[in-house]
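So the chains spell out like this:
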Amino acid sequence: MMGIVDKIKEIDGTKVTVQRENRIFVDVEKERVIGTLYSMKLIGFSQLSVLSVIDRIADNQFEIFYVLYNRDEKVNATVRVWIDRDNPVIETAEKIYPSAHAWEREIAEMFGVKVEGNEEAGKPFILENWNDLPPMRKDFDSIKYSSEHFVFRHSEDKNE
Amino acid sequence: MEKMTQDQVRTIANMLRKRSLWMIHYCTGCGAMELPPTMTSRYDMSRLGLAPFVTSRQADILLITGYLNVKTLRRVITVYEQMLDPKYVIGFGSCALNGGVYWDSYAVIKQLDRYIPADLYIAGCMPRPEAIITAFQDLMDLIDSGKADGYKRYKRDLAYYKENQRKVLG
Amino acid sequence: MSKSYELFIGPNHPGIPGNFSVKIELEGDTVVKAKGDPGYLHRAFEKAMEGRYYIQNLALIPRICVPEPDINEAAYAMAVEDLMGIEIPERAKYIRTIVLELARVANLTFWMGSFAATLGLYTLSQWSFGDRDYALDLFNEICGARVYHMFIWPGGVRRDLPPGWEDRVLDYVKYIKERLVDYDNIFFKNVMFKYRTKGMAVVTKEQAIEWGATGPILKAAGVAQDVRKDDPYAAYGYLDFEIPTLTDGDSWSRAMIRRMELDLSLDLIEQAVKKMPKKGPVCAKMPNPLKGIVPAGETYAKVESARGEHGFYMVSDNTGKPYRVAVRGASHTHMFTIAEKVLIGQRLADVSHTLVSLDICPPEFDR
Amino acid sequence: MVSTILIAICVPLLAFAIGLTFIMFKLKITARVQRRYGPPIIQPIYNLLKLLLKEDNISHGVIFSLGPIIALAGSILAVFFIPIPGLNLLTGSGDLIALLYIMAIGSLGMALGAGNTANPNASIGISRALTLMFGYDLPLVIIVISVILQYHTTNLADIVAAQANGHWTLWTLPLSAIVGFVVTYGALGEHPFDIITAPHEVATGPMVEYGGKHLGFLMINHMFHIYIEIALFVDLFLGGASNLFWFYIKMFGVFFIMMLCDEVFLRFKIDDAVRFFWKWPTVVALISLIIVLVK
Amino acid sequence: MNMSLELLLATPFIGGLLTYIGGKVHRWVRNLIAVLFSLATVGEMAMYYNTTFKGVVWGSLFGSNLVLQTNPITWLFLFIVTAISLLVIVFSIDDMKKEEDEIVLDSYYMQLLFVEGAMVGIVLAGDLITFFMFWEIMSWTSYFLIVHGGKKSMAAGYKYIIMSVIGAYAMFIAIAMLYAKTHSLVYSDVALALSQASPSFIIWTVVLLSVGFFVKAAVMPLHTWLPDAHSEAPSPVSPLLSGVLIKMGAYGLFIVFYGLLSVNLAKNIMPSVFSTPILLYIIQWLAALSIVLATFLAIMQEDAKRLLAYSSVSQIGYVVLGLATGTSLGVAGGLFHALNHAIFKGLLFLAVGAVIYRTGTRNMSELGGLVKKMPFTFTALLLGIIALAGVPPLNGFVSKWMIYEALIQKKEVFLLIMAFVGSTGAFLYVYRLIHSLFLGQLPEKYENVKDVPILMQIPIWILALSTIVYGIFPGLAMDVIVKGMKLFGFTPIAYNLFGFPEGTAMGSLTVINIAAVLMTAFVAVFIIFILFPKTRQVSQYDNYASGQELTPDFKYNYSFGFYMSFGRVIKPILSMSIERVYNYWIDAFKIFGDYYMRRIYTGNLETYNSYIVIVVTIAAAAVLLGGKLW
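Note that the protein sequences, when read in sequence, are chains A, B, C, D and E. In terms of the numbering used here, the first sequence opens at residue 6 and continues consecutively. In terms of the numbering used here, the second sequence opens at residue 557 and continues consecutively. In terms of the numbering used here, the third sequence opens at residue 639 and continues consecutively. In terms of the numbering used here, the fourth sequence opens at residue 9 and continues consecutively. In terms of the numbering used here, the fifth sequence opens at residue 11 and continues consecutively.
Some hints here could point you the wrong way.
[What the hints assert, rightly or not] When the alpha-carbon atoms are kept at most 27 Å apart in a straight line, the in silico DSS-like pairs for lysine-lysine are as follows:
#1 C:Lys641 with E:Lys162
#2 A:Lys143 with B:Lys708
#3 C:Lys912 with C:Lys923
#4 C:Lys641 with E:Lys421
#5 E:Lys544 with E:Lys382
#6 D:Lys287 with E:Lys581
#7 C:Lys641 with E:Lys455
#8 C:Lys979 with A:Lys128
#9 C:Lys827 with A:Lys100
#10 A:Lys128 with A:Lys149
#11 D:Lys303 with C:Lys827
#12 A:Lys143 with C:Lys867
#13 C:Lys815 with C:Lys661
#14 C:Lys661 with E:Lys455
#15 D:Lys287 with D:Lys303
#16 C:Lys979 with C:Lys959
#17 C:Lys641 with E:Lys383
#18 E:Lys108 with E:Lys460
#19 C:Lys812 with C:Lys641
#20 C:Lys916 with A:Lys119
#21 D:Lys287 with E:Lys421
#22 A:Lys149 with B:Lys711
#23 B:Lys711 with E:Lys544
#24 A:Lys79 with C:Lys827
#25 A:Lys128 with B:Lys711
#26 A:Lys12 with C:Lys867
#27 D:Lys36 with C:Lys836
#28 C:Lys812 with C:Lys827
#29 A:Lys46 with C:Lys815
#30 B:Lys708 with E:Lys544
#31 C:Lys832 with E:Lys581
#32 C:Lys959 with A:Lys149
Just so you know, these hints were derived from the structure itself, not from any lab.
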């Protein structure tokens, strides 16, 4: 069991936290993230489960996390990287994990993260004709947007 | 005299229409999950003359099965406008009625009948097959009495509907 | 002008499972390009959950995946339990197992009907949708709802089982087993079924691993990966079962894997009902739900849905509302990474059954 | 003269009525096999009249509207060339070979109308329909030739007359009759040959843009189509009938067996369907043809 | 009176020369002369129509008289030749405007009239020398016509002329053999000589003559020139090639088998299969293979004119199949189909030419939706395809029906099956043609297309109406055919104006009843249809697309690979192309040339053709000298 943690620790610039026996968190710098992911794949983390973003608005940062799964050791590892919220740029991981392509399209749309190297990131994916802030950011107020764009039905409303 | 025959024709036509309602095969939301049981062997809505049909040209009823987000709304309007008169809309579930649990969502519209005229709503999330069948029977009564006139309202208040649609769809 | 032309499969098309659109480009009758177009079911779940208390979110989570809502409840509950450090009672574990497996049976019978319909056999879909309905009746008994149960919640399950429910579950299992003989005769042993699906839409073992497939796609390609076995949750650790695998990775193998999983699920239900403690609490002691504060932390909880690995990545900041919930639906990868590649070179007649064979569930990736 | 006009009006109506009752039974039989109760028995009439009384109809051009009309006119024409008990109608003006081509007028009309919709689903449906027609045509001509050689005439009325007193072709040429059944089944487009309208693939194919009265006319055409195909089968292989009642019973028997088959088959792919028709039905039909030639 | 035939023969040639000269004055003078002279030819033909001339001597060569003669069959073919030529010339006036080089146009019209004259000569010929002379004129002038069609047409024309030359050599050898035997090549003398000749001599001459006719009639396996030539030729030339020129091959076969060699004689000297002389039986099979294989090939084409070209190979198969049955009904059917094919194939090529004129492309995947823009051309083409598919009540049906009945009478079931299959296959490719051109999505770039000018409409519509006339009144053509066939020793078949009564065949046919009932049914249904609520027009973008909105930048027209699924079924058949056999031999000859002959000839096609010519010559010389080869 500890073998896999050691292997991850050997990768340059990683900070490993073991939460449970099969939940590992790996923190890396923005510059090293692709290299880390590549090394992770080499040591058996062959499946990308989730790739998404946490909007750490208090620190003015985006936390991007990659949940990886090692099929042989049955271990989930989460690679986390913090990037600047004002200039959110990340390199694509689609060369390493093909399934990252669609996740990256999603974070590009929902958080406004620029994904370098992914041609389709930034094109409309789930939303259509969206011209407001990326909706998943913490500073986007969903209720305000709704009340501006849609009319709520109140009990006194008559069906016209 | 001529008016009378026209009325008679309309009465007969309504009588036929209510007995043969074809429903468009378009699952706009999660409410569509209760349609297969309604359609198939256990509840068998074909007893009432209802049948699922594929394209917008063939169908009479448009079921808005649950929430309707903005992207789907555009398609729903396209489909609705392609359907041939007389056509009926059933708002299905509380989301179509007032947004339901998605009341604060930026993507889901809150009132269906601001965009296309709904003849009937079914409450509940999600409505049970029994409720759906009751709703169809209510719609039949409405058709029989000539009150299911959503398509006429849409033509009459086209400006109103188009204005609302433009506001949401941009 | 190019030789190819464009065709929309969906959203208003019987060949698409749910409200979803695949834009395909065809040359003659052969697909040269396929592009999924999601978003028709986008309701902003992840955004909405950030604005609600943990207990309120219970109403939202089953609606993420319509055909099999219980996996969402289970994964959500497990994530919260993980963050709070709660261990749930034994009986609750078994009840969860039974409910989850029953939901899987409902989903698989539903899938069978859809799959048969895409291949032109409407009789099976009529039969199996009807038989699925009896499973919904069982859910109706325990929680009063047919589709969205909100039965599994953090700490265990919402209430104890009604008396005699276990027997009725066993009766249902017996009934389905009898019906499966008919299903096999009309569909799974049908020569034309093999003819239509053998060698179609192949995802080989290497491809499945490279593209990140999970669930039946991976099992059909020959990898026995299953969260129930690898990272046991609920009562799966106490039960005795083997994960079925096949090697071809084609449409037929995936269908047969699902057929075997149906057998497995029925078997698991029987085992769980037998082994379940007859008495005991069904819910751990939880703090006041309205003030329920979850300690800060990050966790990833996963369960095995009928489509593959279904996970919740939950971040808490020591308040009553989750800071961020990310949902991982198996269909996300299956559609945008696998289906778009597998569809290329397929014939138009096979597009629909390929999509259903990969079991694309749009609400999972639209959210 | 009056009787001629009467016949000219009544025969198509009769064909329509027979086709209509078959559709009625079809819905019920299907429902029963699928463990359902099924729609009311006169549901097809409601459907048809509702479609015809739709207030709004769309058209993509003149040919779009003419398509169902040509199809229906072609079907009515074909009805007059199939002898019914007691009436040989126009069998003297065109024989079996002419009938095979007259039956194509309907398909051609529908193909033209569907093509004018500018919808790829419709075009694919038509491409499949014509390919399927090419597929079942090969065994069809072989069995038709074997019947012609058996009775030394191409006149359908004479063929029916030659089978009087129970000397049905079904007994004398059983292999041809079996192939004839398969071909008729394919021509009706039931499972597994419902490739043309396959909703999950091409969204009802040629009918994709048809609604309202156009669709109503296509449904009427379908009823005629059922009548023509099955009546031709009955005339060729089951010896026609001495009165209308037996004619109807024979036709219904054939149709009933077909409906039972309909519910248990999956759908072919179009090239597989052609391969199927060109394999076993053709071989069996050729064997039957050789038997006739040697005899 | 005797001058009349020579005048008829000379008119087109004189017209051709005058046209060329007229072109130097002004193009309208040239066009007028061309039309007037072709009109004059038709007029002369009509004036003497159905009068029989016997043996009009117009010269002599090598001691053999050069003779012109007519009989009803001649008039049938003369009618085809002159009428189609006139229509083609009228059509050319507008269609060839795009050709900027006026000198090229001058020679184009001259060649058109020369081809017409040559074909008139072939039909009128009463002896083999006249026949061969005009045959060669026809081959060469038509070659020049084909190469008007642009760059690709050069290669196509080259292929055509090489194969024609091979055919001509074969014919020439046969004629030489006959001359050596009889010293007179007048048909009656030749027929007399053949009746006393040895069987092997007869077979050799007949086979060699047939090879020449087969090349021209494009019967498989000698059809390979046709698809290229017909599709690459200019639009107005294609109907002339397809409608008329290949009929000369059929006419030649008719003359050889029923003029020079009678059926009875043939039966005496060779074994019979299905009461058909074996030689004719083999020809029947070649024709039937042509029908089926060319139909398959036509189904798979992507080019409108190539599709029609393969369809021509298939339809000429029916003509040859009918002619080779040897029974009255079959031969009459074959001759009638020759007329019908000239009408509907001329119509189809002209209508497609009209589309090309307006859109500039014949690639079917680039076209579509033109029915809104060119309704008249569409209607004419619709009639053409219905006739081609053999659907009653148009003309193609009647002649095919006769051929089927003839085959049933002879119990030639396998040929019959093949004929039927070819006819059903025709449904596929004709629908594909009309769908890809006129139905489906209208591309944006053709938004401003208009129907073609009136001068192009007239020929199209004359032919379109003819399909109806000859379909409903087959008796019009049967008058001539039956009368002519009597002269060749056939028992006349019973017919009436509207069809065939009982006893002619195994069934009866009255086309006017079919047409009348169809029209009545159509009118009745139409009236019922318009009684119901009105329809409204919608645009082609207001269309079911799974709920999506369509915009003009989508290409949603299914036209490329229309029968790709079917193509998978017949793939094993299509891969067995006869061209590959030829290419194999080309390669073999090249290797032979490279290593053993030390590159005497370096070319590709020419090398192989030269060798074939040499081989054929040697073989024929051996026969001629030795008398026997086996």
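For each hint, the structure was consulted:
no. : hint                   : in the structure
1   : C:Lys641 with E:Lys162 : 22 Å, holds
2   : A:Lys143 with B:Lys708 : 44 Å, violated
3   : C:Lys912 with C:Lys923 : 26 Å, holds
4   : C:Lys641 with E:Lys421 : 46 Å, violated
5   : E:Lys544 with E:Lys382 : 20 Å, holds
6   : D:Lys287 with E:Lys581 : 15 Å, holds
7   : C:Lys641 with E:Lys455 : 16 Å, holds
8   : C:Lys979 with A:Lys128 : 19 Å, holds
9   : C:Lys827 with A:Lys100 : 41 Å, violated
10  : A:Lys128 with A:Lys149 : 25 Å, holds
11  : D:Lys303 with C:Lys827 : 42 Å, violated
12  : A:Lys143 with C:Lys867 : 37 Å, violated
13  : C:Lys815 with C:Lys661 : 39 Å, violated
14  : C:Lys661 with E:Lys455 : 24 Å, holds
15  : D:Lys287 with D:Lys303 : 24 Å, holds
16  : C:Lys979 with C:Lys959 : 39 Å, violated
17  : C:Lys641 with E:Lys383 : 23 Å, holds
18  : E:Lys108 with E:Lys460 : 16 Å, holds
19  : C:Lys812 with C:Lys641 : 54 Å, violated
20  : C:Lys916 with A:Lys119 : 55 Å, violated
21  : D:Lys287 with E:Lys421 : 23 Å, holds
22  : A:Lys149 with B:Lys711 : 32 Å, violated
23  : B:Lys711 with E:Lys544 : 17 Å, holds
24  : A:Lys79 with C:Lys827  : 36 Å, violated
25  : A:Lys128 with B:Lys711 : 36 Å, violated
26  : A:Lys12 with C:Lys867  : 25 Å, holds
27  : D:Lys36 with C:Lys836  : 34 Å, violated
28  : C:Lys812 with C:Lys827 : 21 Å, holds
29  : A:Lys46 with C:Lys815  : 42 Å, violated
30  : B:Lys708 with E:Lys544 : 17 Å, holds
31  : C:Lys832 with E:Lys581 : 24 Å, holds
32  : C:Lys959 with A:Lys149 : 19 Å, holds
Hint violations for this structure: numbers 2, 4, 9, 11, 12, 13, 16, 19, 20, 22, 24, 25, 27 and 29, all remaining hints satisfied.
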